[in-house]
Amino acid sequence: GAVVSQHPSRVICKSGTSVKIECRSLDFQATTMFWYRQFPKKSLMLMATSNEGSKATYEQGVEKDKFLINHASLTLSTLTVTSAHPEDSSFYICSAPLAGGSNEQFFGPGTRLTVL
Amino acid sequence: AQSVAQPEDQVNVAEGNPLTVKCTYSVSGNPYLFWYVQYPNRGLQFLLKYITGDNLVKGSYGFEAEFNKSQTSFHLKKPSALVSDSALYFCAVSPSNDYKLSFGAGTTVTVRA
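One line per chain: the protein sequences are A and B, in this order.
So the first sequence is numbered by this note's numbering: it starts at 1 and just counts up by one.
So the second sequence is numbered by this note's numbering: it starts at 1 and just counts up by one.
Just so you know, nobody snuck in bad clues.
Once the Cα atoms are required to be at most 25 Å apart in a straight line, the calculated PhoX-like pairs of lysine-lysine come out as: (1) K100/B - K64/A; (2) K100/B - K55/A; (3) K100/B - K66/A; (4) K100/B - K41/A.
FYI, nobody ran anything at the bench for these hints, they're computed from the structure.
Given the sequences, and given the hints that come with them, work out the whole structure.
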């Protein structure tokens, strides 16, 4: 089956630094990927849609200058949390849909970000 | 706009008993419906989906769900729950012409031995 990986799985950083999270589709190409944020025991909040070769589409209330998204290739999207603050601490999950009409998405294992 | 409601934050059942996790949805046009399960500090694992065809969908780990168009529901069921089924379950919907998923708030299932 289709596999999506994320790196790193866990990161701890100091306030004010930037952190990059990678999302890769390992055995299929993804022109679109999605980035979610999840708070403890809460639902997934869609942050943005990453589009290969064009700008990401951000959901209402998500700061695009804060959360930079780059979809560099058909298998890689990156999310950079710039000037991170403790309130950015969260579980970030990416997903990629498999082309073919079923809209089924495959999710990465998530990245736990802790900002001190 | 599409939305999903999972009316129960928590479901507790004894091992061996039937398990039901409720989900209702709202979407324009034909819905694509999904159930995912999440274990602590992990990503989402796909359980099953409804696209078209039979209203009763069978998925992974003995789970099934029934699509009910008149009640706009897609409840998840398992005839005999296991302790290992204890996890966080999410229902999700997308319209047929869009990849974007909307998730319910999630239901924590606890199966006691």
